[in-house]
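Going down the list, the sequences are from chains D and H.
With the working numbering applied, the first sequence covers 1 to 453.
With the working numbering applied, the second sequence covers 1 to 453.
The reader is advised that the hints may include incorrect statements.
Any copy will do: because identical chains look the same in the list, a pair fits if it lies in one copy or spans two.
Under the rule of at most 20 Å between Cα atoms (straight-line distance), these lysine to aspartate or glutamate pairs were calculated in the EDC-like manner [as the list claims (entries may be wrong)]:
1. K20 x E58
2. K92 x D310
3. K172 x D359
4. K381 x E270
5. K92 x E80
6. K3 x E95
7. K61 x D71
8. K61 x E95
9. K403 x E116
10. K412 x E30
11. K264 x D289
12. K20 x D344
13. K8 x D71
14. K172 x E216
15. K358 x E17
16. K433 x D133
17. K264 x E373
18. K381 x E450
19. K88 x D78
20. K412 x E116
21. K404 x E115
22. K8 x E95
23. K92 x D71
Rather than coming from a laboratory, the hints here were simulated on the basis of the structure.
Here's the letter readout for the chains.
2 protein chains.
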Amino acid sequence: MAKPSIPKGTRDFSPVEMAKRNYIFNTIREVFYLFGFQQIETPSMENLSTLMGKYGDEGDKLLFKIQNSGDYFKGLTDEELLSRNAAKLASKFCEKGLRYDLTVPFARYVVMHREEIAFPFKRFQIQPVWRADRPQKGRYREFYQCDADVVGSDSLLNEVELIQMIDRVFRKFGVRVCIKMNNRKILSGLAEMIGEADKIVDITVAIDKLDKIGLENVNKELEEKGIPAEAIEKLQPVIMLQGTNAEKLATLKQVLAGTETGLKGIEECEYILNVLENLGGTQNELELDLTLARGLNYYTGAIFEVKALDVEIGSISGGGRYDNLTGVFGMPGVSGVGISFGADRIYDVLNQLDLYPKDAVNATRLLFVNFGEAEAAFSMKVLSQVRDAGINAEICPDSSKMKKQMAYANAKQVPFVAIVGESELAEGKVNLKNMITGEQSLVTPEELIEKIK
Amino acid sequence: MAKPSIPKGTRDFSPVEMAKRNYIFNTIREVFYLFGFQQIETPSMENLSTLMGKYGDEGDKLLFKIQNSGDYFKGLTDEELLSRNAAKLASKFCEKGLRYDLTVPFARYVVMHREEIAFPFKRFQIQPVWRADRPQKGRYREFYQCDADVVGSDSLLNEVELIQMIDRVFRKFGVRVCIKMNNRKILSGLAEMIGEADKIVDITVAIDKLDKIGLENVNKELEEKGIPAEAIEKLQPVIMLQGTNAEKLATLKQVLAGTETGLKGIEECEYILNVLENLGGTQNELELDLTLARGLNYYTGAIFEVKALDVEIGSISGGGRYDNLTGVFGMPGVSGVGISFGADRIYDVLNQLDLYPKDAVNATRLLFVNFGEAEAAFSMKVLSQVRDAGINAEICPDSSKMKKQMAYANAKQVPFVAIVGESELAEGKVNLKNMITGEQSLVTPEELIEKIK
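Taking the hints into account, I'd like the entire structure generated from these sequences.
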């Protein structure tokens, strides 16, 4: 057959990539556990009735649909078939689809398991999702999401803890980040104030350009977007918003004095910032940023986004508070707040900054060279002791040429090699070579374990 | 909308189930690493050209196929459409399918990555697979496989190490098992000896019934299957095969004296058993079992299967040596040997024997009750210290009724609860309650950490 390939937009992960990815997932998972979150998993495939209509028309098109088993033509008239209406017939041919994100399956999960869940439910989920997007650099058709959410609690302490989690995750990675925070209610307040509720995205996009294009051009853009002059005038202090978070909030308080929603948003931000400050603050920068408008239709309170400071890349984590997670499945009133870590981008950041701990990548610590049956028999005895001590170790299964075995050791980046030839065998000892320093020493099995541990 | 559901044959995994499953996967993974295996992952979807024809006609039908995006009717004539040939048109509607096992994707991986792989390649893979099987008790449409294989080495030391791995995994689980071993070459030798190569499965099935139906009925069954009387006569010592592994091999040596292949198989078994014995043997029983015929068309040397001794359940692990893993993808001569652990059955075994370590299941060690803003502020300071010490801990985000908070603690099976009321706050101390013993004590934050660690 032809040379095999994999579907476009998908990836194989080789051992070194896997080790790095596991390091990322393990680090995030540790922090999730540290904060009392519990893991769940949902099936890769959901009923299409669960998925369709949840991600907009564009999202529906991007769902991977699974063809029904057996005779999927059953019940279809010739006329329907010949209509060749691909979108419409997909729902006849297919009842199931692959998960598009972790949020909708989570909402479905909460509804189905409501009786057994102890609320507030702090769940995390690390699983792949699939989207039939056009593949391009950094965008895949199969990729992992790492989500943590608290549902069933309105307390802002949840927001505080999520910020602490973000702070702790990136401290563990050794990546300097800026944690940006906004609040949907502040944006709603602004829209209310200028009487242009539907222009909020235009406004945040324009404000975001201040540094690049200057105040005059920002105002011009707002004008072009149809914002009345009077409203633009009112927005001036917001566009020019600068200083510390406290200073920004003070300015906003004046600007939004007349809007109840806006003031509520400011109050929430203040509360979160105050609690954090009393706890000693975050190690990473935490910045109030009004241009943050991610998932605007979805979030109802706090909005978070994380930017790496030392690498040019999009946001590497984000989230926020939402109302009514499960309403679409007939269970109203469940609000929540969550964050999501972008594993693929974090992978790129850690690669660029070379921040992987060496021992996260090298699995095998010790390799025994194989010189033949008698030597291998002794080596395997020592090997068992080494493994009993919890050290990852192996022996070359074939007594091939020394050069080949050392090439294997190098390819696997094994830090220690154990050589047992005739003389070592006679002495019951092992010649241990440190592959990094080149140093060699003749040691007993016990000394060997001591040296490597 | 209607009450949501999930596709039949799939499962949600709730926190306790996930914790148990993670314990299983982590234990197996640890042993894989201990023996120098490296993890890879392959995409959930493969090209159908990679999957089709690899699992027999029945397997092809059980593949989950993914409908092409966009206009999947393109290029189809009306006639083809109206033929309603579901199987044939599936290959027009679908180019991709979900992974059916980990072996074929692994073979595809080896071929595609041959230039970068250092052979012998010791890889493991823990990922879900999908089969459109009729769902029934214990059989799912989405389930995990845990495979470890060594490819590119003919050495029998690989077989030895795989047996050691099985032994170590089940020792770690605390499950008593019988590791059964056979060799395809011995079975081939038997077939050669009686001149009935295609009857090997009938023969092993009949032999397997000796204990249940007795010698006479076994011979009758063989006769019914068309084995000539002379051949049945020759088989008598094999049917009655008993005693230690050494005794069995001694008998087989006589019976198979005239067959080169059979003797080779005996030699391989002897070698594996001898090496293991020199290493102190296995802790679990290791039994030569000629009735083991799993994957007969696939395996070419050793065959393994693992049975739990204290639970009635099918095999919980199995594997063997195969030739020519990658031949179908144009890369001949790559042989290998591997094992697969059945996570779902191991889950059931550990459940039945109640063998999960308690701390594998309970994530959160300490819960702070929330009595209000001031108390929570102090609690969260202590909480940060506790987390810095690596202890998984949380605080109730809402200062709801004590009863509700304690119910939450119980539902999550948290072993320690920290109570900070007005008087504790005044003293800067914490009232620590051990939820198992009921014991309470007033402690400083430092003492708290000491007590829980």
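Structure-based check of all given hints:
1. K20 x E58: Classified as neither: same-chain Cα gap 33 Å, cross-chain 38 Å, threshold 20 Å.
2. K92 x D310: Classified as neither: same-chain Cα gap 50 Å, cross-chain 48 Å, threshold 20 Å.
3. K172 x D359: within (15 Å within a copy, 24 Å between copies)
4. K381 x E270: between (64 Å within a copy, 19 Å between copies)
5. K92 x E80: both (10 Å within a copy, 18 Å between copies)
6. K3 x E95: This pair counts as between: shortest inter-copy Cα distance 16 Å, intra-copy 33 Å.
7. K61 x D71: Classified as between: cross-chain Cα gap 11 Å, same-chain 24 Å, threshold 20 Å.
8. K61 x E95: The answer is both: 15 Å in one copy and 17 Å across copies each meet 20 Å.
9. K403 x E116: The answer is between: 18 Å across copies meets 20 Å, while 60 Å in one copy does not.
10. K412 x E30: between (27 Å within a copy, 18 Å between copies)
11. K264 x D289: within (17 Å within a copy, 74 Å between copies)
12. K20 x D344: Within one copy, since 11 Å is at most 20 Å while 27 Å is not.
13. K8 x D71: Answer is between; shortest inter-copy Cα gap is 18 Å, intra-copy 28 Å.
14. K172 x E216: neither (42 Å within a copy, 70 Å between copies)
15. K358 x E17: Within one copy, since 13 Å is at most 20 Å while 33 Å is not.
16. K433 x D133: The answer is neither: 50 Å in one copy and 52 Å across copies each exceed 20 Å.
17. K264 x E373: Cα proximity of K264 and E373: across copies only (18 Å, versus 77 Å in one copy).
18. K381 x E450: within (17 Å within a copy, 40 Å between copies)
19. K88 x D78: both (14 Å within a copy, 18 Å between copies)
20. K412 x E116: between (47 Å within a copy, 11 Å between copies)
21. K404 x E115: So K404 and E115 pass the 20 Å test across copies only (15 Å; inside, 60 Å).
22. K8 x E95: Between copies only: 11 Å across chains, 24 Å inside a chain, cut-off 20 Å.
23. K92 x D71: Both, since 11 Å and 15 Å are each at most 20 Å.
In summary, the structure is inconsistent with hints 1, 2, 14 and 16 from the numbered list given earlier, while agreeing with the others.
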